[in-house]
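Participant: Chain residues, written in single-letter form:
Protein chains: 8
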Amino acid sequence: MNENIDFAVIDSERGGRTGYPEAVYCAGKTDEQAEAIIVRMREAGIPVFATRAGAPLAARVAERFPEALYDEISRVLSIGSAKSPAVGLVAVVCAGTSDLYAAREALLAAEFFGSEAVLISDVGVAGIHRLFARLNDIKKANAVVVAAGMEGALPSVVAGLVSVPVIALPTSVGYGASFGGLSALLGMLNSCAPGVAVVNIDNGFGAGYLANQINRAAR
Amino acid sequence: MNENIDFAVIDSERGGRTGYPEAVYCAGKTDEQAEAIIVRMREAGIPVFATRAGAPLAARVAERFPEALYDEISRVLSIGSAKSPAVGLVAVVCAGTSDLYAAREALLAAEFFGSEAVLISDVGVAGIHRLFARLNDIKKANAVVVAAGMEGALPSVVAGLVSVPVIALPTSVGYGASFGGLSALLGMLNSCAPGVAVVNIDNGFGAGYLANQINRAAR
Amino acid sequence: MNENIDFAVIDSERGGRTGYPEAVYCAGKTDEQAEAIIVRMREAGIPVFATRAGAPLAARVAERFPEALYDEISRVLSIGSAKSPAVGLVAVVCAGTSDLYAAREALLAAEFFGSEAVLISDVGVAGIHRLFARLNDIKKANAVVVAAGMEGALPSVVAGLVSVPVIALPTSVGYGASFGGLSALLGMLNSCAPGVAVVNIDNGFGAGYLANQINRAAR
Amino acid sequence: MNENIDFAVIDSERGGRTGYPEAVYCAGKTDEQAEAIIVRMREAGIPVFATRAGAPLAARVAERFPEALYDEISRVLSIGSAKSPAVGLVAVVCAGTSDLYAAREALLAAEFFGSEAVLISDVGVAGIHRLFARLNDIKKANAVVVAAGMEGALPSVVAGLVSVPVIALPTSVGYGASFGGLSALLGMLNSCAPGVAVVNIDNGFGAGYLANQINRAAR
Amino acid sequence: MNENIDFAVIDSERGGRTGYPEAVYCAGKTDEQAEAIIVRMREAGIPVFATRAGAPLAARVAERFPEALYDEISRVLSIGSAKSPAVGLVAVVCAGTSDLYAAREALLAAEFFGSEAVLISDVGVAGIHRLFARLNDIKKANAVVVAAGMEGALPSVVAGLVSVPVIALPTSVGYGASFGGLSALLGMLNSCAPGVAVVNIDNGFGAGYLANQINRAAR
Amino acid sequence: MNENIDFAVIDSERGGRTGYPEAVYCAGKTDEQAEAIIVRMREAGIPVFATRAGAPLAARVAERFPEALYDEISRVLSIGSAKSPAVGLVAVVCAGTSDLYAAREALLAAEFFGSEAVLISDVGVAGIHRLFARLNDIKKANAVVVAAGMEGALPSVVAGLVSVPVIALPTSVGYGASFGGLSALLGMLNSCAPGVAVVNIDNGFGAGYLANQINRAAR
Amino acid sequence: MNENIDFAVIDSERGGRTGYPEAVYCAGKTDEQAEAIIVRMREAGIPVFATRAGAPLAARVAERFPEALYDEISRVLSIGSAKSPAVGLVAVVCAGTSDLYAAREALLAAEFFGSEAVLISDVGVAGIHRLFARLNDIKKANAVVVAAGMEGALPSVVAGLVSVPVIALPTSVGYGASFGGLSALLGMLNSCAPGVAVVNIDNGFGAGYLANQINRAAR
Amino acid sequence: MNENIDFAVIDSERGGRTGYPEAVYCAGKTDEQAEAIIVRMREAGIPVFATRAGAPLAARVAERFPEALYDEISRVLSIGSAKSPAVGLVAVVCAGTSDLYAAREALLAAEFFGSEAVLISDVGVAGIHRLFARLNDIKKANAVVVAAGMEGALPSVVAGLVSVPVIALPTSVGYGASFGGLSALLGMLNSCAPGVAVVNIDNGFGAGYLANQINRAAR
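Those protein sequences? They're chains E, B, S, R, F, X, W and V, same order as listed.
Counting the first sequence from 1 gives a position; my numbering is that position plus 12.
Counting the second sequence from 1 gives a position; my numbering is that position plus 12.
Counting the third sequence from 1 gives a position; my numbering is that position plus 12.
Counting the fourth sequence from 1 gives a position; my numbering is that position plus 12.
Counting the fifth sequence from 1 gives a position; my numbering is that position plus 12.
Counting the sixth sequence from 1 gives a position; my numbering is that position plus 12.
Counting the seventh sequence from 1 gives a position; my numbering is that position plus 12.
Counting the eighth sequence from 1 gives a position; my numbering is that position plus 12.
None of these hints come from the bench; they were simulated from the model.
Be aware that a few hints might be false.
Listed below are the simulated DSBU-like cross-link pairs for lysine-lysine, each with C-alpha atoms no more than 35 angstroms apart in a straight line [what the hints assert, rightly or not]: (1) X:Lys152 <-> W:Lys151; (2) R:Lys95 <-> R:Lys151; (3) B:Lys152 <-> E:Lys95; (4) F:Lys151 <-> V:Lys152; (5) F:Lys152 <-> V:Lys151; (6) S:Lys151 <-> R:Lys152; (7) S:Lys95 <-> R:Lys152; (8) R:Lys152 <-> R:Lys95; (9) E:Lys95 <-> E:Lys151; (10) X:Lys152 <-> B:Lys151.
Here are some, though not all, of the chain W residues that point toward chain B, as calculated from beta-carbon distances under 10 angstroms [said to hold, decoys possible]: (11) Tyr37; (12) Ile49; (13) Arg64; (14) Asn212; (15) Ile213; (16) Asn215.
Between beta-carbon pairs, the in silico distance windows are [what the hints assert, rightly or not]: (17) X:Ala71 <-> R:Ala39: 31 to 41 angstroms; (18) V:Leu147 <-> F:Gly66: 32 to 42 angstroms; (19) V:Gly66 <-> E:Pro97: 56 to 66 angstroms; (20) F:Val99 <-> V:Val130: 43 to 53 angstroms; (21) R:Ala39 <-> B:Ser175: 32 to 42 angstroms; (22) F:Thr42 <-> W:Ser93: 22 to 32 angstroms; (23) W:Leu81 <-> V:Asp149: 48 to 58 angstroms; (24) B:Pro78 <-> E:Ala145: 46 to 56 angstroms.
What you are looking at is a predicted structure, and each value in this text was computed from that prediction instead of being measured.
Ideal Cβ positions, reconstructed from N, Cα and C, are used throughout, including at glycine.
Pulled out of the complex, with its shape left as it was, chain E reads as follows (with noise of 0.2 angstroms):
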């Protein structure tokens, strides 16, 4: 038995006991630490989804694991996917190009747990007619991730013209007083629009790992 694998305790059972594998979040973790878990998940037949993962680990990774995928500006590598593909489609809509990294994991998320994924960026609050030209796309979806670092009422926006739920994504993008994505994390919060929950501050895992939950369920 590995010997750097004694810290962690892989959750075999997880996927029988919540239907989804767990995500390896490798940020505070070594490439040693990060490699030897994602080995033994492979080894249990698990999919692996790592979030934070550096270009270092991704090449590590690669060397043994070929159909490893790397998503450079998500910072995701993924192998395999955890579930059958799904009907319907999960929207991932961005406000500006600063937070890609975050939609993107979203996006990855919701891929690999079997939802179809469409992402729409640019489309801030700030230029309104966007996001009102891409409107009949993310309305196809059964559920919308909405990610933002600057613009806290976009997801109020989205979720005042859609019927389905809308998962709000801060982002720690910004500048000033936007302290990290708190700033957009409280906007959201505040949302006068019901339909709209919010998860932690770059957590786009999380967000795609939901917005895959609601869709796989719906009709």
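Please build the complex by placing chains B, S, R, F, X, W and V on the supplied structure of chain E, with the hints as guidance.
Facilitator: Coordinates of chains B, S, R, F, X, W and V only, in the frame set by chain E:
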């Protein structure tokens, strides 16, 4: 036309646009203002769900609309219901007696929009065996609302045990370093369990609304 | 000389120096103190704009100065006006009924200083079509004040649609994580749209004053 | 079409809608992304104002567009100007040497949009006689930007002395309890002097943009 | 021995140890508790300086000690004085009428400990010419207390003009983003002018005590 | 005498006064300063427990004291042990791999002071069945340390299951709204379960020290 | 069965599981709700310790249970005691008169669970000689609770003088920048002295409970 | 005239106005800018006290001005002294080794302005007997600076023992919930002992300047 209503534009088309009518948030409105809005909505044939309604407002409204229902604990005042009954269940889980006001607001909102809903109270983290005793009931739901003021990790625990979305509802109950619900909110946002999203502190309406959306869409 | 007035130095030359008289901020002053200041200003021929004036103060002042005007919603008490009427319009946009108190303070301040001003209420972000329906009215103004408590991005939306300065006025309306207007304030500061500046929470006077300055200077 | 630009939608009609082109915020973008956006804007004939541009980006852009100008202190990179020259002056007042970076961003933004602008530096509150020495210059402007990191009351002082709008620009300069500009921001919001509005910490572009709007509209 | 006094240990030797008796902070004490402490101090021959004393307590104490003095604005209740009169002056400068309560507490504390003290009110930063008009009076003092709630930079301005220590006294006056005096406190801490130190929000006693210490020690 | 040691007073009598020697906190000290303190302690015959020790310091110290032990994960450097072995057990419970650094600091501190200690890792709230699987081990301890960064309620859960004191140790692990451990800290303070007390974020030494005190005193 | 008690599940097995019954937190409960819980507990033979109990509730309960004890200062209402008397002492140290309410709650909780307990009041840091005068009494205890609102370092001082665990109990007493106990809480968490752990602001029950646990386990 | 100096206005008359020259705050300035200011000051015959000066700047300045003194711990660079030596002593008290950098800045500032000053280090609250051992030295001073990062109550303790003003200097040393000095700052502001005032976190210069003012004025 009622002069007092000039300040408020009844969005009578919202039902058509998003599928759901608006709620009336009574705090910060005089009883006259709130009543005028309710009357106008009824004249337009819109069902009413009013939150933070005081007993005097409830009494005024009951005189005019005897069919109005008032729940003292949550201070919800409602007339009619917004949707035909749906198949499927929403579960509302509540950590302590003190969180009941928010949990019941969520419960009533889910019911108002047509979902069957069940309340499971006093199942906090510090006495976790109580939660396990009710787990089978919770697992029947298509969406779970978890209300807690001093036990920010309760949604995490629940989400680790079920496979449906969990809506975390922080309440402003607590003392000392609870900061009016902020500590619970932060705990919920930092949940390690995926499948959790958070609404604003004390926003039972938003939690119930979202749980209903998920429930109604579910197969 | 009135003994009660010793604590306050009437700046009777301010009109000459900046072109505008001072306002009287009544909160934290006894009615006696506030009245004494108002009397002194009238004796010096200075027009009066008093904010946070309670109804009892308004009644006292009305006995002595029947020409005084009192607005219950904003609690503004005024006598006379500071400037001759100006050409050009100030628009005050208001997200919800609950924000009216601050919006009207801004409206009355702009009018007190000579601007024509129009109030456009209940046009929040979550029902953005209401905003578009009033856009032509808004576009006629030389400066726009946008008051909102739970919809911090409304000024962004407006600023993306007009070419004149937008003064964002956060209000202390809200609950949960609104923190007495702080969330709205942060949302407004983080606006992506240029052409927006922010005044203090509930500072309707400051917003109206500034909008008037811009309007009066405009061609 | 450039593949790298897929993430960003150039709002080429913004000029028509609001009268002003967008700025490019380079922080959080790779040099490749920023350059692609700039190239696209130039292809569409849009003048460029890019903030937080590093020297390497400036060098890349200069190779392709020799007419590009780069200011090392403010890290502003610009090509062309957005407007024909306007009559009237914008004054940018700066408390200390350390605030120059933000003050110059405001200065260059005002000039980019056609205003004549003047920088008056090192006139902080603790040495207030320096401010009075420059007051005549400040009084010639139609709008004044005041940048300060440790002297949150400087805008108040200036606004008490002039009759035109003052745009307060908090900077992130300082140490200890300055909290990255938050203390300055709060001080500026609490200003007793009317006629002051505040932009986000370090948002020199926003301050200059707004000052230009006011100046161009002025008679 | 009075049973109610068991909770409080009168430090009758403090006068010998530090040269000054303790003050009685009445907030959070019942009138019975406060009165018992005062009686005990008088029995021990200790002069009394009680802060946050309500009018009912003052009335009770006046019955027993007719020589007691009560100041309604600052709610200071005092009996006797702690020191023989000192040579030299303490100046207390006050930004606005609303700050008077704290300024007077400082004034009375300085006098209680033997300093001559003068109050200079309503000389805020936004009307800085008023401050200059009183500068000669201020310059006579050996220590200056500056009380302000919305003008956190006033101590900076004063410290830039005098050569003696400035004690900054933030007050809890204000609204919006003043956060109960926190904004003023931060502004004062970030003062660029050396020679300024800050006491707790509304701690007029502490400010006056310290100013007196400096004054008494001065040549 | 060593010149570098002038700044630090070795409290060689502390062992006699409180029964325990001091620890050396290496962060913010140069390696020279830390080494000098350690050498001085060894010369006085005091055992050493140094926290936040970097690998270079460990290497320097190992050259001079080959018996020194260094733990890379917790960065604890120790020489000798402070107490004779005690009867009884301390359990250290750890939510995730990322919290190991703090948990191990607590473990090593408890051992340094003579307690037997056991580490039980990766038993977070979101997978609560893992915790139950280890409950018998935890129940053998006289005191339990619970380290967690993103699962602030884990101490509550544990305290609801055992009858001995629980020391909650928040870690700075996390992202988004975890605010460097603040969210975990608040969650732990708001625990509904009695029998929980909290130490500072990342203060593994303090947690282990306190758990040892309780363990050694136990029958 | 009492209808009002439906919301609360009496955990009658808790005594068996953890060795201690639950306390009743009365804030946020109506007197009817609190009384119903107390009656139910008595019917199940469970001793009662109720915190934040108002005088009217105490009067109601006293009518039904004449053996009930009520402490006005701490607002603790108790019936019976949870444990047979233990050997060993708990000391409760209190900085000022204003902190008595929390200190007494801790004292009564320790006694309720069987410990002998002693209260040592008015021994703050600013008059540290008073603390030394009582040191011998404090040193007899197996655990020390230190309650303070404005003197966050008092637990540090005590922990530097004794060899047993110190439970720091921040109180919400104070003004200005005390922020409802937050400043004291932070001061206690940052204590340099090991052997200190902190409970929530005003959580006297938790502090007394924990001190009792430590005391009962001690030899 | 030096082109680089355009941004900074040397206040050569400040000495006459307040009796003291300005200090140079080097953080946020390039070495070129800082050197230019220093050269200009020397040309005007002004003594130099520069804070936050890096070693490279010190080396540059030493080449041109061999009489410059540089202190590595506090990073103070000085040339000449501002005042003739004064009678009387300033004491600088320092809780721990880690606080030395700020304490030495205060020490050097007091000496620069002519006071004799003495540093008393490593006398924290948790080992309060060390403080008492040095009390006689401290009592000789006319003003005491107390620097501490993790022991916010140390100034309280000192002020309870001496009769002269205590300047509390919070440092940014610490970890966890120390928040960069904020916890120490709050603790110092909440000090119960009168005779304490606080300067900004790490503002050793300000503390020393003020202590010198008090000392020089003392008899």
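Participant: A separate judgement is required for each hint: does it hold in the structure or not?
Facilitator: Here is what the structure says about each hint:
no. : hint                                     : verdict
1   : X:Lys152 <-> W:Lys151                    : 29 angstroms, holds
2   : R:Lys95 <-> R:Lys151                     : 24 angstroms, holds
3   : B:Lys152 <-> E:Lys95                     : 22 angstroms, holds
4   : F:Lys151 <-> V:Lys152                    : 29 angstroms, holds
5   : F:Lys152 <-> V:Lys151                    : 29 angstroms, holds
6   : S:Lys151 <-> R:Lys152                    : 29 angstroms, holds
7   : S:Lys95 <-> R:Lys152                     : 22 angstroms, holds
8   : R:Lys152 <-> R:Lys95                     : 22 angstroms, holds
9   : E:Lys95 <-> E:Lys151                     : 24 angstroms, holds
10  : X:Lys152 <-> B:Lys151                    : 34 angstroms, holds
11  : Tyr37                                    : 8 angstroms, holds
12  : Ile49                                    : 8 angstroms, holds
13  : Arg64                                    : 8 angstroms, holds
14  : Asn212                                   : 4 angstroms, holds
15  : Ile213                                   : 3 angstroms, holds
16  : Asn215                                   : 6 angstroms, holds
17  : X:Ala71 <-> R:Ala39: 31 to 41 angstroms  : 39 angstroms, holds
18  : V:Leu147 <-> F:Gly66: 32 to 42 angstroms : 39 angstroms, holds
19  : V:Gly66 <-> E:Pro97: 56 to 66 angstroms  : 59 angstroms, holds
20  : F:Val99 <-> V:Val130: 43 to 53 angstroms : 29 angstroms, violated
21  : R:Ala39 <-> B:Ser175: 32 to 42 angstroms : 40 angstroms, holds
22  : F:Thr42 <-> W:Ser93: 22 to 32 angstroms  : 29 angstroms, holds
23  : W:Leu81 <-> V:Asp149: 48 to 58 angstroms : 52 angstroms, holds
24  : B:Pro78 <-> E:Ala145: 46 to 56 angstroms : 49 angstroms, holds
In this structure, only the earlier hint numbered 20 is contradicted, and the remaining ones agree with it.
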